[in-house]
Amino acid sequence: MQKIILFAILLICANASTQVPTGDLLIRNGTVLTITKGVLEETDILVEDGKIKRIGKNLKAPSNVREIDATGQFVMPGIVDAHSHIAIDAVNEATHPVTSEVKVGDSVDPFDLSIYRALAGGVTTIHAMHGSANAIGGQCQTLKLRYGLMDPSSFIFEGAARTIKFALGENPMRVHGEGRGVQPRTRMGVERVIRDAFQKGKDYKAKWAKYEEQKKKNPNAVPPLYNERYQTMADILDGKIIIQCHSYRADEILMLMRVLDDFGVHRITFQHVNEGFKVAPELAAFGAMASVFSDWWAYKFEVYYSTAYNATILTRNGVITSINSDSGELIRHLFHEAAKTQRYGDLTDEEALALITINPARQLGIDNRVGSIEVGKDADLAIYKNHPLSIYTIPQLTIVDGIVRFDLANDPADMRIYVDPEESTPTYFGQEQVEGCLIDTDFMFSHQH
Amino acid sequence: MRKVSLIAGFILCMISVICGQPIEDNMPRITGAIALQNATIVTAPGAAPYTGTVLIRDGLITDVKAGSTIPPDAYIIQADSLFVYPAFVDAFSYTGVKNPESEDDRRNRSRPDVDEEGNPSLDDAGITPYQSVRASFDPKDKSIADWREQGFAIAHVVPHGQMLPGMGSVIILSGEEADKMLWKENTSMYSQWSGARGSYPQTLIGVFAKWRELYQNASQLVSHQAIYDEGTFVTRPQYNRAHEALIPVVKNEKPVYFRAPEAKNISRALALQEDLGMDMVIADATEAWYFKDKLKSRSIPLVLSLKLPEDKSEKSKKDGDKNAASSDSVKTTDTTEVVIVDPEKEAFEKRRAESLEQHRQQAGVLAGEGIPFSFGTMSTRTGDFMKNIRLMIENGLDSVQALAALTTQPAKLLGIDKHCGTIAPGKMANMMICTAPLFSEDNTIKYMLVEGALYEYELKEKKKGNSKETLSRISLVEGTWAYLIDSPDQVREGTFTFKKSGEQVTGTITGQDMTDGGNDELENIVIDGKTIAFTFDIELGGQMIELEFDLEVDGDAMDGSVSVAEFGSFKVTGQRTNKPE
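Quick mapping for you: the protein sequence lines, in order, are chains D and E.
Add 6 to the 1-based position in the first sequence for the working numbering, that's all there is to it.
Numbering follows the working numbering, with no gaps: position 37 of the second sequence is 36.
Just so you know, the hints here were simulated from the structure itself, not pulled from any lab data.
Keep in mind that the hints are not guaranteed to be accurate.
[What the hints assert, rightly or not] If you anchor each label on the Cβ, the simulated ranges turn out as follows: (1) D:Pro230 / E:Glu309: 19 to 29 Å; (2) E:Lys293 / D:Arg201: 38 to 48 Å; (3) D:Asp209 / E:Glu309: 30 to 40 Å; (4) D:Lys222 / E:Gly425: 30 to 40 Å; (5) E:Asp292 / D:His342: 39 to 49 Å.
Note that the Cβ used here is the ideal one computed from N, Cα and C, for glycine as well.
Using the sequences provided together with the hints, build the complete structure.
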C-alpha cells in the first residue's frame with residue numbers, strides 16, 4: 007500500500023514538473039543515423055521520459071515499455087524545418103514596416119492539420135515564422151509538433167532561442183511602398199527603416215538605463231513610457247534574439263551585414279538567401295548562417311539569379327546551412343530536398359542530412375536538445391524504410407518526446423482534432439492551404455492609395 | 000412600442016399550444032402595489048414549487064407566502080394555475096446597444112491616418128476602453144422589449160467595437176430613458192480578438208502585443224501617479240485616456256469580459272490572463288469543454304453562449320427524404336433503387352454529427368464537472384433562445400442548473416445577487432408569470448414584472464389550420480409588396496413577392512445587395528392570424544447571415560421588424576403594390 011502511495015506521489019510530481027507528456031520506448035535493431043556520431047548498424051535506442059537514455063546493442067527496457075522493431079530500417083533525428091508558416095493563425099501584421107513587438111507564438115493553432123502532414127514526413131520541430139511583409143516583422147516561434155494536444159502552449163519548444171523575422175527587397179517595398187505609400191519604397195528605404203528601428207531601440211534602451219540609474223538615488227524617478235516594439239529592438243541589440251532575415255540578392259545581404267556591424271549585432275540567419283553563393287565567404291566571416299531552398303526560384307524578379315548548388319557552395323565555405331520548406335507541402339518531403347544536394351554538389355550523406363537536422367537546430371538555438379541522436383537529447387526521432395536520402399524512402403514512424411505522433415501502420419483517414427459542426431459536406435476534406443510569406447497582406451492591394 | 004399595462008383582463012387558461020403577443024397599451028400606473036394571488040411559485044433554482052401569493056410594492060417584493068393579506072390598493076392578478084419564476088439575468092449581451100458602424104461604413108472606409116510612428120488614433124485602432132456603453136445605448140431599441148418578452152429583466156450590456164470596445168453596464172429592461180435603465184455603470188471592461196480594420200493592430204498577434212503594452216503602461220501609470228501625488232519635482236504623468244481607463248483593470252477592480260466563442264479564442268484569452276493577471280471572465284463561449292480542466296483549476300468565471308450550431312446534416316436538409324444522408328440513388332433498368340454510399344462522406348457526416356452533439360452538451364458537461372457558469376444572449380436571436388435552452392436540457396443539462404445559469408449565477412457574477420436572481424422579500428420585483436412549467440414546450444410567458452413594472456402578453460391559440468383556412472391565410476399576403484428597412488446606415492428598399500403554391504405559400508425578395516449570394520427564396524414562411532414571419536439567408540462579405548422577419552399585416556400595409564443575427568433588429572414597413580385577382 008505504501009508503495010502505491012509513493013508511486014502516486016511520484017507520478018503527481020512528474021506531472022507537475024513536466025508540462026507536456028513524454029514517453030518511454032525501446033527502438034530495436036535499426037540503422038541509426040546519428041548525424042554527429044556516424045552511422046550505427048543494428049543498434050538499439052532506449053528512451054525514457056522523452057529523452058534518449060542509452061544507445062547501444064541489446065539494451066533492456068522495463069517490461070511495460072513499448073518496443074519498436076526497426077530491423078532493416080533507418081532511424082534518424084526528427085527533421086527540423088527552419089522556415090515554416092504552418093500551425094499559426096496569424097502570419098503578417100502588415101500594418102507597419104516595423105512590428106517587432108508581435109509574436110506569432112501567440113497565435114499557435116493546435117488544430118492545424120498541416121502539423122500532422124509534417125509529422126508524416128518525419129518533421130518534429132518547426133520554426134513558425136512571421137511573414138515577410140515588413141522590413142522588421144514579428145517574433146517567430148519554434149514549435150514541437152505535439153499533434154493531439156489541445157493547448158497551444160504545449161507546442162512551444164521550451165528553451166528555444168528567441169528569433170525575429172526581418173525582410174529585405176520586394177516584399178516590404180511592395181506592401182508598404184506600393185501598397186501603403188510609406189517608406190520603404192526602394193531597397194535604400196528598407197535599409198533606412200531598419201537603421202531607424204535600431205536607432206530607436208538604442209535610444210529606448212538608453213532612456214531605460216538612465217531611469218534605472220536615477221532610481222538608485224531618487225525614489226521618485228519615473229519610468230519612460232513602455233514600448234513593446236523598441237523593447238524588442240533593444241533585446242536584439244543585447245544579443246537576446248537571433249535575426250532570421252528573408253533575403254535574396256547578394257547586395258542587400260551585404261547591406262544588412264554592414265548595418266548589423268554598425269549596431270554591434272551578430273546573431274543572424276539569412277532565409278532563402280538565393281544569391282548566398284555569391285557572398286558565401288563574407289557570410290562565413292560574419293558568422294551568419296543560411297537557410298535555403300534546394301531548387302526553388304524565379305517566382306519573382308529578385309529571385310532569378312539562383313542555383314541548386316547554393317546549399318553546397320555555402321556548406322563548403324563554412325556557412326552553417328539548412329534547407330527549409332516555407333510550405334505546407336514541401337515540409338512533407340524535406341528528406342528529398344536534402345537529397346538534391348547530392349545530385350547538385352555531391353554532399354556526403356551526413357552533410358546532406360545535417361541540412362535538415364543539426365544545422366537548422368543550431369540556427370534556432372536548440373542544438374543542445376535536438377538535431378542529432380545522442381544520449382541526453384530529446385527523443386525526437388523519425389524511422390524510415392529505405393535510406394532517407396533515397397528516392398524510395400518511406401517515413402514509417404515519427405516520435406516526439408518519446409511519444410509516437412505518426413505511425414504509417416496506424417494512419418486514420420480523418421486526423422482532425424477540431425470538427426466544425428456547421429462545415430458543409432466537402433467532396434474531400436482537409437483542403438490544403440498554401441502557406442506563404444505574404445499571408446494576411448491582401449488587404450494592402452485592394453485599396454487604391 | 001411600450002406595452003406597460005396595469006389593467007389586465009380575465010385570464011383564460013389555455014391548455015393548448017399558445018404563444019405570447021404583447022398588448023398595445025400605454026396606461027399610466029395608478030398603484031405601485033401588485034398582488035400575484037394563488038400562484039405556483041418557484042422562488043429560486045431548485046426550490047420546491049408551492050402555491051402562494053407574491054406582494055409587490057414600488058418595485059420591490061414585500062412578501063412571498065401562502066395566504067398573505069393583500070393590501071387594499073393592490074392590483075390583483077388571479078394567478079391560479081400560473082407559474083411564477085424569478086426573471087432572467089443576462090450575463091453578457093448587446094441588448095439595447097446600437098452598432099454605430101454599419102457594414103457599409105466599414106467597407107467604404109478609407110485607411111485611417113497614422114502618425115509618423117505608424118500608430119493610428121485610439122479610435123481607429125479599436126482601443127476605446129474609456130468608452131462607456133451609455134454612448135451607444137438606446138432605450139427605445141427594439142431588442143429590449145424582445146428580450147424582456149423572453150423573460151429577461153436585467154442584462155449586462157457592452158458596446159460594439161474591436162479589440163477594446165469599452166466598458167459594460169448593468170441595465171434594467173424597463174423604462175423610457177437611459178438614466179433609469181442604466182443601473183450600474185461601467186462595471187466591466189470588454190475585449191475581444193478583433194483587430195482594427197486596415198490599421199494597427201490588425202491581426203490576432205497585433206492585438207496580443209497591444210494588450211501587453213497597454214497593460215504594462217497602465218501599471219506604470221499607477222505607480223507614477225502615486226509618486227506624483229506624494230513627491231515633489233516629479234514630472235506630471237502624461238495623460239493617455241486608454242491607460243487611464245485600464246487602471247481599474249490592472250488593479251483587479253474591474254473584470255475583463257473577454258469574448259471567446261471558439262476553442263482557440265478561449266485558450267488564447269486564458270493565455271493572456273495567465274500572462275497579465277487581470278480578473279477575466281470568458282464570455283460568449285460555445286466550446287468551453289475543450290479547456291474544462293484549465294477553467295476549473297484556474298476558477299475563471301464563464302459565460303456560455305446561448306447560440307447552438309445549426310444542424311447541417313443532409314438528413315435535416317431534406318427531412319423525410321428517403322435518400323437522406325450521404326447516399327445517392329441511381330435508378331436501374333428494373334426500377335429498383337440502388338443506394339450508393341460514399342464511405343468518406345458518411346464518416347465526415349458522422350464526425351460532424353458528433354461535434355454538433357458536443358456543442359449541445361456543453362452546458363451539461365460543464366455542469367457535471369461542477370464548473371459554474373452563466374448564460375449570455377450576445378450571439379443568440381430571441382427566436383432561438385428557448386428552443387436552444389430546451390436542446391441543452393435534452394442533451395444533459397439539468398433544468399435546475401439551466402435556471403441557475405439564467406438567474407442566480409449571473410446575479411452573483413455581476414455582483415447584484417443581493418437584489419436579483421430569486422423571489423424573496425426585499426428583492427427587486429423581477430419575475431415572469433408563465434402558463435406552464437418554465438422550460439416545458441407549451442409554456443408561454445403571460446406577464447413580465449421588471450422592477451414592479453407589469454408587462455402583459457396576449458395569449459393566442461396557435462391555429463392548426465384546415466386547408467380552407469390556409470388558403471384564406473395565404474390571401475392575406477399574396478402579391479407584391481414594396482418594403483423599406485430602416486437600418487442605421489441607410490433605408491433599404493426592395494420587394495417581397497408571395498405566391499400560392501398548392502396549399503403552401505412561397506416567397507421571393509429583391510433589393511440592393513439582397514440577392515448577391517444568388518438566392519432570392521424566402522424560407523420558413525409562417526402565417527399566423529395577422530402576422531407573417533419568414534427568414535432569408537443573405538450573403539454579406541462571404542458570410543451567410545440569416546434575416547428574421549416578423550411582420551403584422553393590416554390590409555395592404557405591413558409593419559414589423561427584421562432581426563439580423565447579432566447586429567440588432569430594424570424596423571420594416573411595406574405596402575402591397577400588386578394583388579392577384
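Where does the structure disagree with the numbered hints, that is, which hint numbers, in rising order? 1, 3, 4
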